[in-house]
Structures are given as structure tokens and as C-alpha cells.
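Using the sequences provided together with the hints, build the complete structure.
No gaps in the numbering here: position 53 of the sequence shown is 53 in the working numbering, and each next residue is one more.
It should be emphasised that the hints constitute simulated quantities derived from the structure, not laboratory data.
Predicted, not measured: the structure shown is a model, and the values here were computed from it.
Some hints could be false.
Said to hold, decoys possible - Between beta-carbon pairs, the in silico distance windows are:
1. E136 to T112: 23 to 29 Å
2. T75 to R152: 40 to 46 Å
3. A166 to T105: 17 to 23 Å
Just so it is clear, CB atoms sit at the ideal spot from N, CA and C, and this is done for glycine as well.
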Amino acid sequence: MEVAAFSTELQPIQRAAGAPGQLRIVEPRASGTQTRRPVERADDSATISREARDAAGVWAGDARQPRGVDGEPLTDEQAREVEELQARDAEVRAHEQAHVAAAGTLFRGGPTYTYQTGPDGKRYAVGGMVQIDTSEGATPEETIQKAAQIRRAALAPAEPSSTDQAVAANASRMEAEARAELAREDEQARTAAASSPEISVGARYGIDRYMAVENTADADRPRVDFTA
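The following block contains the structure:
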């Protein structure tokens, strides 16, 4: 049974100590004697050097922006792709777990996933599979019960895939065939009963008298009890 899904992970905001508001970059002087400039602080701003900003993982525009495998911030397009992969990953895993929960005793293995690597270097599940027993039962009655469970397991996710729907349809056909077989067996039993010769009233009376005599003779015969 196959399913699929997408997702992203953002870095936490990091700010210089005592800097509750906006961050402002101060460039160091290129050469010559440098006069240490005091850090300007205000209720809504703080000043840090570019080196301190880079070390803290903060960059202008968005302090929560994820980075790629090269350590550079992701582009807007890459960030959207990562978010889609995160959502897909969550969807796939929920989908397959729904199959597992509904399969019950029919569960045979999984879930197994196929992955896609995002711009952030992380792997995300984009497809999955769960194995269940879809064979017929030992009797038509057992097949009917089993087919119903297979159908429930196949359609358990919120959005069943085309493969899930195909498995459910096959289970419905299997159930229909089992019910048809039961109907044939019932018809054969009724036909056999209707075609068997009826015993006449006189014959039935003679059999009853014979059995009565045999029972009386048995009562008069000596008995021997065997014990182990």
C-alpha cells in the first residue's frame, strides 16, 4: 500500500545579550588607529559587529531563516520547497500509520519510506508502503470477514491513494465471490434435501416398533463395566 508527503526546520532566534529589539550592524574601521565605539543601546535597538553577527548565526532580514548545506541562507524558493517537504513528510508518516492501526492481525511489515533530500540537506519521506495479508480465508465466512478488514485498512488514511483504493476494490470483489459461494452451497443443500426419498408413515411405524423391542432386549441383557 503506497502513500506520500513534505517539511522544514528553522534555526532558533539568537540575539546578543541584553538586546531585546532590532539588531543593527556596525562596520569596523578599515585601518589606522581605531577608537573603540561604545555599543549603542536603546529600548528598541542594539549594535553588534558583523563578526559577532556571523558567529551568532544572525543575518539581516530574517533571524529565523534556514540555511542550506553550504551554510548560506536559503533563497525564498528553497525555503518554500523545504516547507513543502516537511508537510509532505508528516502526511506520509500519518498515512502509513493509519494503515498499520487498521490492519490489525493482517499487518505483515513496514512502514517503509522513500526519501527526498531537501535544499537544507535533510531527508524527507515522500512515499511509503505497508504490507498486509490480502489472501482469502479458509472458508467463505472467513473470507467475508477478512475482506471487510482489508477494506478498512486500505481506506483508513484521510486521503487514500490510488493504490489503496485498488486494494479496497479487490477486497470487495473477494467478498462478493465468497458470498456467491455461500449462496451456491445453500442452494445445493436445499436441492439435496428436496430430492431425498420420504419415508412412508407405515415404514416409520415399523422402524419405531423395532427400536422399542431392541431397547427392551437391551434392558434385560447382563452388563459388564470396564474401568481403566
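Hint check results:
no. : hint                     : result
1   : E136 to T112: 23 to 29 Å : holds (25 Å)
2   : T75 to R152: 40 to 46 Å  : holds (44 Å)
3   : A166 to T105: 17 to 23 Å : holds (22 Å)
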